[in-house]
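There are 2 protein chains.
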Amino acid sequence: MANVIPDKFVDLFKKKALASLATLMPDGRPQVTPVWCEYDGRQVLINTAIGRQKDKNLVHDGRVALSITDPDNPYRYIEVRGRVAERTEVGADAHIDHLAQKYLGTKYPYRQAGEKRVLFRIEPESVTTMG
Amino acid sequence: MANVIPDKFVDLFKKKALASLATLMPDGRPQVTPVWCEYDGRQVLINTAIGRQKDKNLVHDGRVALSITDPDNPYRYIEVRGRVAERTEVGADAHIDHLAQKYLGTKYPYRQAGEKRVLFRIEPESVTTMG
Chain A
1 MANVIPDKFV
11 DLFKKKALAS
21 LATLMPDGRP
31 QVTPVWCEYD
41 GRQVLINTAI
51 GRQKDKNLVH
61 DGRVALSITD
71 PDNPYRYIEV
81 RGRVAERTEV
91 GADAHIDHLA
101 QKYLGTKYPY
111 RQAGEKRVLF
121 RIEPESVTTM
131 G
Chain B
1 MANVIPDKFV
11 DLFKKKALAS
21 LATLMPDGRP
31 QVTPVWCEYD
41 GRQVLINTAI
51 GRQKDKNLVH
61 DGRVALSITD
71 PDNPYRYIEV
81 RGRVAERTEV
91 GADAHIDHLA
101 QKYLGTKYPY
111 RQAGEKRVLF
121 RIEPESVTTM
131 G
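If you're matching them up, the sequences are chains A and B in order.
Going by this note's numbering, the first sequence opens with residue 1, and the numbers climb by one from there.
Going by this note's numbering, the second sequence opens with residue 1, and the numbers climb by one from there.
Bear in mind the hints are in silico, worked out from the structure with no lab data behind them.
Just so it is clear, the structure is predicted and the values come from calculations on it, not from any experiment.
The reader is advised that the hints may include incorrect statements.
Copies of the same chain look alike in the list, so a pair counts if it fits in one copy or across any two.
Stated by the list, open to error - Straight line, CA to CA, 20 Å or less: simulated DMTMM-like cross-link-like pairs of lysine to aspartate or glutamate: (1) Lys15 / Asp70; (2) Lys15 / Asp27; (3) Lys16 / Asp72; (4) Lys14 / Glu123; (5) Lys107 / Asp61; (6) Lys102 / Asp72.
Extracted from the complex, chain A is given alone in its bound form (with noise of 0.2 Å):
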C-alpha cells in the first residue's frame, strides 16, 4: 500500500504535539479528543484503556480521522483519515511507556488500578495539509 502521509509532514509526529482524534459513537455523532500518537513509517499509532469512550467507539466503528497542529507553527497541519487495521493488548502496556517517554520523557505514570491498555494501529487511508 503506497505510503499516503507526505514526507515534508511526518516532523509532526515526532514533535509532542497531541493529535485530536475523532471516531463515532455508536449513534454516528463524532467525538473527538486530544490522544498521544506516533507514526511507524506506515500506520498512525494510538493507546488507551479498554472501555474508554475511544475504545468502545473504534470496537464498533472502526473509521477516523486525526489532526495534528504544529505547535511551532499554528497554520500548519495534517489531517489523516482512515480506519482501525488492528486492535491489541499485546504489547500495548510497553507500548504506553514508549509513548509517554516521547511526550513525557518518563514512564507512563498514569497507570490506574485494574486499567488494561489497548494498541491501535490506524491504516492511513487519505491525508490533508495546510502549511
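With chain A held as given, fit chain B onto it using these hints.
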C-alpha cells in the same frame, strides 16, 4: 436551555487556542480540522467559506464535536458535542474579522476572490472535560 459549558472552562474559548472540529463526511466517516471559534455564553460560533468540506459536511449533517486543549497545559481540555443551530451568511463577513482580531490581532488577512463566508452557531449538548 441549561448552559452545558462549565464556567471553569470558559477561559479556553478566550485564549488563542484553535479548536479541533469534528464533522461527518457524507458517508458518515469523521473529519477533523483546526478552526477558529468563540463562545458567546450560549453557543459556539465558527466561520468557514461556502463550499469547503466543513461547510458541505455541516449542511449534510449538523452533528459536531469540538475540543480545545489549553495552550498552557496540554492535559487540560474540553470536548463539546452538539449540533448546528444556525447557518447564515448574514454577518459572517464581519464575524471572520472579529475572529481574526481574537487570533491574529488584526482584520482577516486571508480573503480570497469570490470567497463567501458563512457563520455557524453550534448548540452545545454535552461536554467532557479533563484537568
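Within, between, both or neither, where Lys14 and Glu123 count as close if Cα-Cα is 20 Å or less: Within one copy only: 18 Å inside, 36 Å across.
Intra- versus inter-copy proximity for Asp61 and Lys107 (alpha-carbon distance at most 20 Å): neither (31 Å within a copy, 42 Å between copies)
Identical-chain pair category, Lys15 with Asp27, by Cα at 20 Å: neither (34 Å within a copy, 32 Å between copies)
Alpha-carbon proximity between Lys16 and Asp72, which holds within one copy, between copies, both or neither at 20 Å: Close inside one copy (11 Å) and across copies (14 Å); limit 20 Å.
Status of Asp70 relative to Lys15 across identical chains (alpha carbons, at most 20 Å): both (8 Å within a copy, 17 Å between copies)
Up to 20 Å CA-CA - Asp72 versus Lys102, copy category: both (17 Å within a copy, 19 Å between copies)
Hints 2 and 5 from the earlier list are contradicted by this structure; the remaining hints agree with it.
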